[in-house]
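Asks: In case you want the letters, here they are:
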Amino acid sequence: MSTLAGPTTLCGIELAHPIINASGTFDAIAARRAFGDGVLERFPFSAYVSKTITPEPRAGNPPPRLWEEAAGLVNSIGLPNKGLAGFLESDLPVLAALGVPLIVSVMATGAERFAPLVEEVAARSEVAALELNVSCPNVHSGLIVGEEPEETAALMRRLRPLTAKPLIVKLTPNVADPAQIALAAEREGADAVSLINTIKAAPILADGSHWLGAGAGGLSGPAVRTIALRQVSEVAAAVQIPVVGMGGVERGADAAALLAAGATVVAVGTASFRDPLAAARVRSELGRLVPVAGGREQA
Amino acid sequence: MPAAASGDPDGRVLAPFGRRRGEVVANEPSGRYRIISAVDASGPMPAAGQFYMLAAAERWGGDGGRPFLPRAFSVAAAERSDDGARLSFLLEDVGPGTGRLAELGAGEGLMLTGPLGRPFSPPRDLNPAAAGAILVGGGVGLAPLAIWRRALAARGVPERTLLGFRDREHAGGHELFRCSEVRVASEDGHAGHRGYVTDLLERMLGGDSAATAVVYACGPPAMLEAVRLLCAELEVAAELAMEAPMACGFGACFGCAVPLAAGGYMRLCVDGPVVNAADVETALVAGAGRR
Ligand SMILES: Cc1cc2nc3c(=O)[nH]c(=O)nc-3n(C[C@H](O)[C@H](O)[C@H](O)COP(=O)(O)OP(=O)(O)OC[C@H]3O[C@@H](n4cnc5c(N)ncnc54)[C@H](O)[C@@H]3O)c2cc1C
Ligand SMILES: Cc1cc2nc3c(=O)[nH]c(=O)nc-3n(C[C@H](O)[C@H](O)[C@H](O)COP(=O)(O)O)c2cc1C
Ligand code: FES
Chain H
1 MSTLAGPTTL CGIELAHPII NASGTFDAIA ARRAFGDGVL ERFPFSAYVS KTITPEPRAG
61 NPPPRLWEEA AGLVNSIGLP NKGLAGFLES DLPVLAALGV PLIVSVMATG AERFAPLVEE
121 VAARSEVAAL ELNVSCPNVH SGLIVGEEPE ETAALMRRLR PLTAKPLIVK LTPNVADPAQ
181 IALAAEREGA DAVSLINTIK AAPILADGSH WLGAGAGGLS GPAVRTIALR QVSEVAAAVQ
241 IPVVGMGGVE RGADAAALLA AGATVVAVGT ASFRDPLAAA RVRSELGRLV PVAGGREQA
Chain A
300 MPAAASGDPD GRVLAPFGRR RGEVVANEPS GRYRIISAVD ASGPMPAAGQ FYMLAAAERW
360 GGDGGRPFLP RAFSVAAAER SDDGARLSFL LEDVGPGTGR LAELGAGEGL MLTGPLGRPF
420 SPPRDLNPAA AGAILVGGGV GLAPLAIWRR ALAARGVPER TLLGFRDREH AGGHELFRCS
480 EVRVASEDGH AGHRGYVTDL LERMLGGDSA ATAVVYACGP PAMLEAVRLL CAELEVAAEL
540 AMEAPMACGF GACFGCAVPL AAGGYMRLCV DGPVVNAADV ETALVAGAGR R
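One line per chain: the protein sequences are H and A, in this order.
For the record, in the first sequence the residue sitting at position 163 is 163 according to this note's numbering, with numbers rising by one throughout.
For the record, in the second sequence the residue sitting at position 108 is 407 according to this note's numbering, with numbers rising by one throughout.
Hints were generated in silico from the structure; no laboratory data involved.
In this text, a Cβ means the ideal position worked out from N, Cα and C, and glycines have one as well.
A portion of the hints provided could be inaccurate.
Here are the computed distance ranges between Cβ atoms for each label pair [claimed, not checked]: (1) A:363 to H:176: 25 to 33 Å; (2) A:363 to H:227: 47 to 55 Å; (3) H:125 to A:379: 44 to 52 Å; (4) H:227 to A:379: 45 to 53 Å; (5) H:125 to A:563: 24 to 32 Å; (6) H:57 to A:378: 40 to 48 Å; (7) A:578 to H:174: 33 to 41 Å; (8) A:379 to H:96: 51 to 59 Å.
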């Protein structure tokens, strides 16, 4: 394989190749129930990012949770998860056996609830890094942390001293200038940023009713790809820390475009729903693309 | 039916990891529905009640950009052939995905992931005193019951089948039950009992000793809910093959939530699609169903 799909590093974590999964789009434990050990033998990601974990268990949003859109998907899943204790006890040991570095995505409403979550997850030797999902409200200010540079900075100031492990801040695309949020995170010690999360969307039907049980959700898939490319390129131009790029990656060329836009690592999300091995195909297609000066050309 | 190699103790057959290309070998009309058969060269034989995520290999993504995701279909029949497993699906054209699949001709590619999900359980697992099985199907929901009936027959389990149809137009797919005794209800009275299939079930459970009955049902949400309520009232063990909107089919998206009687949700694609009727809060899942 060419250098494009070859080994790389992210915040000092060695990766066999630059394709990882987007949080919440591949449950390795459920996949083993469906596909058995084939999942381990052909694991398509060079690192595994967990679904977002919250301090307490969450059931998730009422159905319907999905709406198919032109080349995309609107979801309002609502972060169902077992909560910190359930995750540490039953999921972490299984995920640690995947044989790739483990990145645990965490979220809490406000820094004081975030702190013990980060501390406990980071203390586990199985965990290589943490991704901070900041698309959540701060219960005190009511503001979405990841939508305000100062909220993001304040959260990082509280969390940074708690661990030496890499902290990756997952940026929301629902802001005018994501580079400002990325800069705030970098200033306060973030080791990397990842983007884009889903774009706020609401499937409203012709009769005015809302399709999704929760009313509104977030759009992902090829429909958001060029938005991701623009935001990744703007953020990568602004910060020195590595960028994990994602949003609508379906083919090797899409991954190459995100790398060209400044990403170090590319995450595959919604594409895995269409083909559980989509990420393996993305990687092999990426490997056939030859990097050339001033652009990238297909071999 | 081959033995399942599985970590789940529920007889599910594991799918090869990833999706693969099958080849359509037949596409026949059956009333309002179509029976589409494809050869899956490398996949295993599925267990009755399991489903596949299907997409056309070419031109998936029509006017307006849909279909984008694959679509879930219960396997209606599976036979070993020299080329692999010959899988048949009974399909109702209700939108862009089913519409595109309905037009596939012999020789065209069908992308498939599966078999997926939890299959039907043997009657004695549900009721140790079971005398046999009662199969209750409505409309296109008779698909998984067709393969289950054959599996039961092969094991020598006595079975009685009740099928309900809206009207003559929608009475497709019953040839999947050929050489089997079926009782029919139709809402328009064109065949069998005029009314609902659950009327037939109620009569059967009333006549029988409910203590030896086991019910397997698949059909529109309203029918499943009627079956669920009836079986709960008469304390009859029942499994329902349910539907929910699905994006992935293998537990990745958490989209296919079905409310549990005990609170919270299950993911229907990995904890179902066949569920114990006593485990779900309702069979009326928001977003599922087309009636
Ligand atoms: C386990 C399982 C087994 C199944 N087995 C069978 C089977 O054997 N035979 C069969 O015919 N069908 C079966 N189905 C149903 C089948 O998967 C759906 O009919 C199919 O997905 C519809 O796709 P479509 O594109 O044709 O229609 P869609 O446009 O998706 O419309 C179908 C329904 O989905 C809803 N809908 C409408 N627009 C949207 C949108 N934009 N996004 C999300 N939902 C929307 C509406 O309720 C609509 O009536 C099964 C489903 C499951 C989950
Ligand atoms: C069904 C679904 C669930 C998701 N769950 C999470 C989550 O738990 N945490 C998170 O940070 N992002 C979550 N995301 C966002 C993805 O990680 C990713 O940022 C986004 O989908 C864009 O990538 P894609 O277009 O390749 O899917 C989810 C996305 C989808 C579609
Ligand atoms: S369909 Fe994706 S989790 Fe069930």
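Asks: All hints, please: hold or fail.
Replies: Here's how the hints hold up against the structure:
Under the hint 25 to 33 Å, the C-beta atoms of residue 363 (chain A) and residue 176 (chain H), about 30 Å apart, fit the expected range. Residue 363 (chain A) and residue 227 (chain H) have their C-beta atoms about 20 Å apart, which leaves the hinted 47 to 55 Å range violated. Taken as a hint, the range 44 to 52 Å holds for the pair residue 125 (chain H) and residue 379 (chain A), whose Cβ atoms sit roughly 48 Å apart. Our hint of 45 to 53 Å for residue 227 (chain H) and residue 379 (chain A) holds, since their Cβ atoms are close to 48 Å apart.
The hinted range of 24 to 32 Å is satisfied by residue 125 (chain H) and residue 563 (chain A), whose Cβ atoms lie roughly 31 Å apart. Taking the beta carbon of each, residue 57 (chain H) and residue 378 (chain A) are about 44 Å apart, inside 40 to 48 Å as hinted. Between residue 578 (chain A) and residue 174 (chain H) the beta carbon distance is about 38 Å. The supplied range of 33 to 41 Å therefore holds. The supplied range of 51 to 59 Å is broken by residue 379 (chain A) and residue 96 (chain H), whose beta-carbon atoms lie about 40 Å from each other.
Violation of the numbered hints given earlier is confined to hints 2, 8; the remaining hints are satisfied by the structure.
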